[in-house]
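Enquirer: Residue strings, one per chain:
Number of protein chains: 6
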Amino acid sequence: MHLHVVHDRQMTYDGRQLAPHWIYRTFDLVGDAVVAFIGPCHVELSEMVDIEDVKADSPIFSPSMLHIIAEFFGIDLHLTVYRQRLLIIIARELLEEVTGQSILRRGDDLYLSRDDGMLGKLSVSIATSSPLSTLIHTGFNIETEGTPIPTVGLAELGVDPLGFAETLLQRYADELQDIWVARCKVRAVRE
Amino acid sequence: MHLHVVHDRQMTYDGRQLAPHWIYRTFDLVGDAVVAFIGPCHVELSEMVDIEDVKADSPIFSPSMLHIIAEFFGIDLHLTVYRQRLLIIIARELLEEVTGQSILRRGDDLYLSRDDGMLGKLSVSIATSSPLSTLIHTGFNIETEGTPIPTVGLAELGVDPLGFAETLLQRYADELQDIWVARCKVRAVRE
Amino acid sequence: MHLHVVHDRQMTYDGRQLAPHWIYRTFDLVGDAVVAFIGPCHVELSEMVDIEDVKADSPIFSPSMLHIIAEFFGIDLHLTVYRQRLLIIIARELLEEVTGQSILRRGDDLYLSRDDGMLGKLSVSIATSSPLSTLIHTGFNIETEGTPIPTVGLAELGVDPLGFAETLLQRYADELQDIWVARCKVRAVRE
Amino acid sequence: MHLHVVHDRQMTYDGRQLAPHWIYRTFDLVGDAVVAFIGPCHVELSEMVDIEDVKADSPIFSPSMLHIIAEFFGIDLHLTVYRQRLLIIIARELLEEVTGQSILRRGDDLYLSRDDGMLGKLSVSIATSSPLSTLIHTGFNIETEGTPIPTVGLAELGVDPLGFAETLLQRYADELQDIWVARCKVRAVRE
Amino acid sequence: MHLHVVHDRQMTYDGRQLAPHWIYRTFDLVGDAVVAFIGPCHVELSEMVDIEDVKADSPIFSPSMLHIIAEFFGIDLHLTVYRQRLLIIIARELLEEVTGQSILRRGDDLYLSRDDGMLGKLSVSIATSSPLSTLIHTGFNIETEGTPIPTVGLAELGVDPLGFAETLLQRYADELQDIWVARCKVRAVRE
Amino acid sequence: MHLHVVHDRQMTYDGRQLAPHWIYRTFDLVGDAVVAFIGPCHVELSEMVDIEDVKADSPIFSPSMLHIIAEFFGIDLHLTVYRQRLLIIIARELLEEVTGQSILRRGDDLYLSRDDGMLGKLSVSIATSSPLSTLIHTGFNIETEGTPIPTVGLAELGVDPLGFAETLLQRYADELQDIWVARCKVRAVRE
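Protein chains in written order, with this note's numbering: chain A, 8 to 198; chain B, 8 to 198; chain C, 8 to 198; chain D, 8 to 198; chain E, 8 to 198; chain F, 8 to 198.
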């Protein structure tokens with residue numbers, strides 16, 4: 008599995024990056040891969056893949072996010088939603104380690120208590136399917152000015168986004184590999 | 008998915024419960040199910056399914072554990088190892104809530120710092136496959152006297168095992184259902 | 008599996024209802040579902056999914072039909088063609104019970120003898136695939152005026168379409184559940 | 008798909024015929040196949056694969072049955088339970104044609120009204136899985152003396168078992184092929 | 008599996024033939040099939056499915072090729088890439104028999120030594136996926152005038168293209184059937 | 008994929024090596040792997056997995072063979088039979104390069120012309136399935152004294168078995184990886 012963190016530029020996430028072979032076309036990495044980059048997030052309804060959000064008319068906006076895009080060349084979306092959960096969970100574990108703060112997970116969303124007493128949303132995430140692969144996008148707010156709902160960002164938590172991304176991607180790849188090994192090293196049982 | 012917590016008796020886990028239809032034969036629940044019960048744990052090498060443990064000659068023993076057995080009537084073990092991780096992760100989240108203590112996850116194992124400064128192992132877990140289903144066993148120490156490695160138990164943490172089990176099973180079932188909904192409510196993307 | 012019979016309005020079936028998430032977008036039911044509604048049927052060649060019909064230049068028309076749309080969030084079309092057959096077969100069984108008349112099944116089509124001695128076609132049906140689901144449309148003629156081939160309709164058979172639909176959907180859901188239970192309650196065999 | 012009706016001898020069905028490669032070893036037919044033969048039926052609990060029957064302590068006995076064994080070299084048991092239903096349904100359709108009597112289907116069982124006013128069970132059926140294939144056994148009573156529950160047999164219905172078997176197997180193979188063609192001749196749809 | 012060699016006309020391959028149901032729509036063959044025809048090859052970048060070629064800006068041109076199109080109504084592209092390799096390998100074996108010359112295989116490409124000492128490319132090949140099937144295109148140069156890279160053609164090798172196609176398709180179908188039989192005639196093993 | 012050639016000892020192949028986790032238990036390699044070793048071959052009927060051979064009562068014997076065992080932690084035997092063919096084909100290509108002799112492939116068997124004018128069998132091969140993996144055994148005769156049918160061996164061809172094995176395993180792993188890349192780097196097509 009290829010890991011790549013973009014250090015030299017910012018890129019906007021507008022939904023069109025959640026596409027088959029976007030990683031291959033952009034970074035020349037062929038096969039399963041996960042990449043991270045920093046940039047604004049602005050997804051119009053027409054690009055949204057979560058029909059629940061479309062029905063609720065909830066476009067996504069953030070002035071600056073750490074974006075994670077993963078592509079798996081297997082077409083079982085159910086499996087990839089599990090992979091998405093695991094990415095969120097590993098991010099939560101890592102952020103709790105780094106910040107010492109308690110982070111709340113609800114499904115595939117992360118939240119923190121804000122100074123104003125409100126719960127701030129830290130992340131957005133979606134998993135979907137393409138004809139030959141399955142894909143994940145997860146975004147972590149860095150700055151939060153102008154977000155349509157109460158949010159928190161990595162900046163106010165004192166977390167360096169790219170350093171966080173480097174560790175997160177490595178732990179994620181290690182965990183996926185560990186899961187595969189767990190699948191391979193057991194004998195089957197029978198009645 | 009059937010949920011069942013055994014309140015009225017103790018049952019020993021010796022490995023033979025990690026078998027297809029054990030839940031159906033024992034509790035008359037047919038189809039995907041997860042059950043919890045309390046009892047000693049003593050697995051001989053001949054019953055162990057983790058070949059790594061067999062190679063290391065590491066039998067499993069605990070005087071009293073909370074056991075979780077889950078059976079899924081799908082045969083993709085890779086997917087079920089993801090489900091196993093998620094069970095461990097939800098248990099960790101719930102135990103941190105209940106105890107206020109920080110719990111360390113390494114793969115599918117949970118650890119806590121003990122009073123003697125050592126890291127105590129709280130849980131054991133395995134996932135495997137049968138001809139028509141996949142299965143998970145997870146055990147949480149309740150008492151720890153006589154365990155072959157440093158451990159911690161729910162008793163010393165002040166956690167009521169069956170109450171913990173009731174909540175854990177419900178959250179687990181809810182999360183699996185939520186993952187399925189996440190798989191169903193997105194539109195696909197294309198190049 | 009969600010069941011829904013539309014009692015309060017008529018809707019035209021023109022082929023665009025055989026689309027992923029049409030049920031979710033229209034009735035807010037997420038996941039496997041089967042819905043029934045009454046309305047005209049008029050499918051242009053451009054909307055037809057059966058290439059045999061396209062090659063034969065056979066558009067579909069009926070002034071009034073009972074339409075069944077089912078969506079399954081699994082992508083095995085072969086399995087869903089079996090599910091389609093079963094829907095037709097259960098409809099046949101139910102109609103024979105209700106009308107006392109003998110109904111002929113040829114593949115996924117139902118026929119009755121008409122008063123003029125001709126065989127009248129009662130139903131149309133198709134199953135297809137979307138990127139994340141598989142889909143079935145089955146239509147039963149209610150009125151038959153203007154149909155391009157000899158047909159029979161539920162009205163002349165004295166069958167109340169919505170009452171028939173309520174029973175059909177319930178029996179269908181029960182049978183699919185029964186099939187799943189049959190898959191889960193057997194032990195495997197070996198050489 | 009190979010079709011074979013045994014005309015020259017009787018064979019007892021005791022459950023051990025529901026085994027992978029039994030058809031290949033016995034009739035030298037390799038690959039998907041369905042065979043029919045006549046003989047007694049006597050299945051001990053230890054050979055039964057339906058755990059519900061085992062739990063109910065319901066051994067199977069018939070002095071003379073028409074037995075159908077089918078083996079499919081695909082391992083999706085869910086699909087093969089659909090194939091089993093279809094075999095029962097085609098048998099029902101054919102028997103209604105041949106006898107002019109009304110036959111009741113409940114799941115994978117067929118029943119007829121007997122002269123004594125009771126409902127007589129005509130058939131038994133099971134589908135299961137082997138490591139590399141899935142299997143079906145269906146038995147139709149010919150004689151019914153000594154059966155543990157009220158039954159009916161093909162003999163009292165005036166049905167020639169082997170002639171019935173020849174037609175049933177041919178129609179079954181035709182329907183499975185027709186289902187495959189239905190899967191191949193449609194174009195996919197999208198959102 | 009349907010086999011068809013077009014003897015009565017030439018057809019250009021421009022990439023649009025690598026489409027689901029193109030064989031069914033063109034030759035009325037429904038289900039798995041492999042067809043061969045002669046004609047020019049000219050694939051614009053917009054029709055190319057190999058993203059590596061698109062990135063390298065390498066359009067494909069040949070004045071006259073023997074084209075093989077295969078469609079398999081299963082959606083596992085990984086399996087179909089194996090089927091593609093096997094088609095190339097059988098072609099190589101057959102061409103070595105017919106010409107007595109040594110042919111080099113590199114992945115899914117075939118090469119021969121040319122009189123000028125250069126290695127000439129004989130073939131192009133690609134496998135891809137459609138919503139309900141997987142597809143292969145393989146082209147063997149007949150004439151080579153104007154090709155953008157050093158090539159060899161069947162004409163200069165003295166090979167009759169359509170006779171070669173007839174034998175190739177037959178051997179290919181036989182090998183795929185032989186592979187299926189090999190899968191069906193073994194018993195499973197266990198630990 | 009792990010590659011391992013045993014240089015320091017001989018091991019007999021008696022069929023029990025074609026078992027799940029034999030590679031893991033013997034060489035401590037977990038996950039997909041292919042290993043090669045030298046030793047006698049003697050497979051009793053009770054250990055044979057090819058039922059055709061069992062029916063023909065054809066035990067396998069060779070005084071000295073190069074054995075290849077591969078295990079893939081996926082359960083699709085059909086795919087693994089393709090992988091088996093490819094192993095044979097790469098062996099054939101490599102042997103032709105090394106020896107300059109022409110080698111005949113019939114399915115998964117390799118043959119050479121012997122000095123006595125007979126065709127000598129060089130190899131045996133089988134692929135099968137275990138509960139959690141699929142497996143290949145291929146053996147190439149080194150010495151041929153006492154073999155029950157006309158054979159040829161690597162020794163008389165002047166081929167160093169372990170050197171041949173090192174190259175074969177490397178090419179095989181490269182080809183499987185190349186096939187995976189081919190699956191990942193194409194875009195899908197549609198109607």
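Any given hint could be a false lead.
Heads up, the list lumps identical chains together, so a pair's fine if it works in one copy or across two of them.
[Claimed, not checked] Only pairs whose alpha carbons sit at most 16 Å apart, straight line, appear in this in silico EDC-like list of lysine to aspartate or glutamate:
1. Lys62 x Glu163
2. Lys192 x Asp83
3. Lys192 x Glu163
4. Lys62 x Glu103
5. Lys62 x Glu51
6. Lys62 x Asp35
7. Lys62 x Asp181
8. Lys192 x Asp35
9. Lys192 x Asp39
10. Lys192 x Asp60
11. Lys62 x Glu152
12. Lys192 x Glu54
13. Lys62 x Glu173
14. Lys192 x Asp64
15. Lys192 x Glu59
16. Lys192 x Glu173
17. Lys62 x Asp123
Hint data in this document are derived by calculation from the structure and do not stem from the laboratory.
All of these numbers come straight from a predicted model, not from anything done at the bench.
Enquirer: Each hint needs a verdict: does it hold in this structure or not?
Expert: Okay, the hints, checked on the actual structure:
1. Taking CA atoms no more than 16 Å apart as the test, Lys62 paired with Glu163 passes in neither setting, with 32 Å inside one copy and 41 Å between copies.
2. Only between protomers do Lys192 and Asp83 lie at most 16 Å apart by alpha-carbon distance; the minimum there is 15 Å, versus 23 Å within a single protomer.
3. In this assembly of identical chains, Lys192 and Glu163 lie within 16 Å of each other by CA distance neither inside one copy nor across copies; the values are 43 Å within and 33 Å between.
4. Neither within a single protomer nor between protomers do Lys62 and Glu103 lie at most 16 Å apart by alpha-carbon distance, with minima of 33 Å and 36 Å respectively.
5. Within a single copy, Lys62 and Glu51 get their C-alpha atoms as close as 13 Å, which meets the 16 Å cut-off; across copies the closest is 29 Å, which misses it.
6. Only between protomers do Lys62 and Asp35 lie at most 16 Å apart by alpha-carbon distance; the minimum there is 9 Å, versus 36 Å within a single protomer.
7. Taking the shortest alpha-carbon separations for Lys62 and Asp181, neither the intra-copy value of 37 Å nor the inter-copy value of 23 Å comes in at or below 16 Å.
8. For a Cα distance limit of 16 Å, the shortest separation of Lys192 from Asp35 across copies, 10 Å, qualifies, whereas the shortest one inside one copy, 33 Å, does not.
9. Taking the closest pair of Cα atoms, Lys192 and Asp39 come within 16 Å of each other only across two copies (11 Å); inside a single copy the shortest separation is 22 Å, beyond that limit.
10. When the C-alpha separation of Lys192 and Asp60 is checked against a cutoff of 16 Å, the pair qualifies only between copies, where the shortest distance is 10 Å, while the shortest distance within a copy is 41 Å.
11. Proximity of Lys62 and Glu152 under a CA criterion of 16 Å is satisfied in neither setting, with 25 Å inside one chain copy and 39 Å between copies.
12. For a Cα distance limit of 16 Å, the shortest separation of Lys192 from Glu54 across copies, 15 Å, qualifies, whereas the shortest one inside one copy, 42 Å, does not.
13. Neither within a single protomer nor between protomers do Lys62 and Glu173 lie at most 16 Å apart by alpha-carbon distance, with minima of 35 Å and 28 Å respectively.
14. Within a single copy, Lys192 and Asp64 get their C-alpha atoms only as close as 47 Å, which misses the 16 Å cut-off; across copies the closest is 15 Å, which meets it.
15. When the C-alpha separation of Lys192 and Glu59 is checked against a cutoff of 16 Å, the pair qualifies only between copies, where the shortest distance is 7 Å, while the shortest distance within a copy is 40 Å.
16. In this assembly of identical chains, the alpha carbons of Lys192 and Glu173 never lie at most 16 Å apart, being 29 Å within a copy and 26 Å across copies at closest.
17. With identical chains, the CA atoms of Lys62 and Asp123 are never at most 16 Å apart, being 30 Å at best within one copy and 51 Å at best between copies.
The structure shown violates the earlier hints numbered 1, 3, 4, 7, 11, 13, 16, 17.
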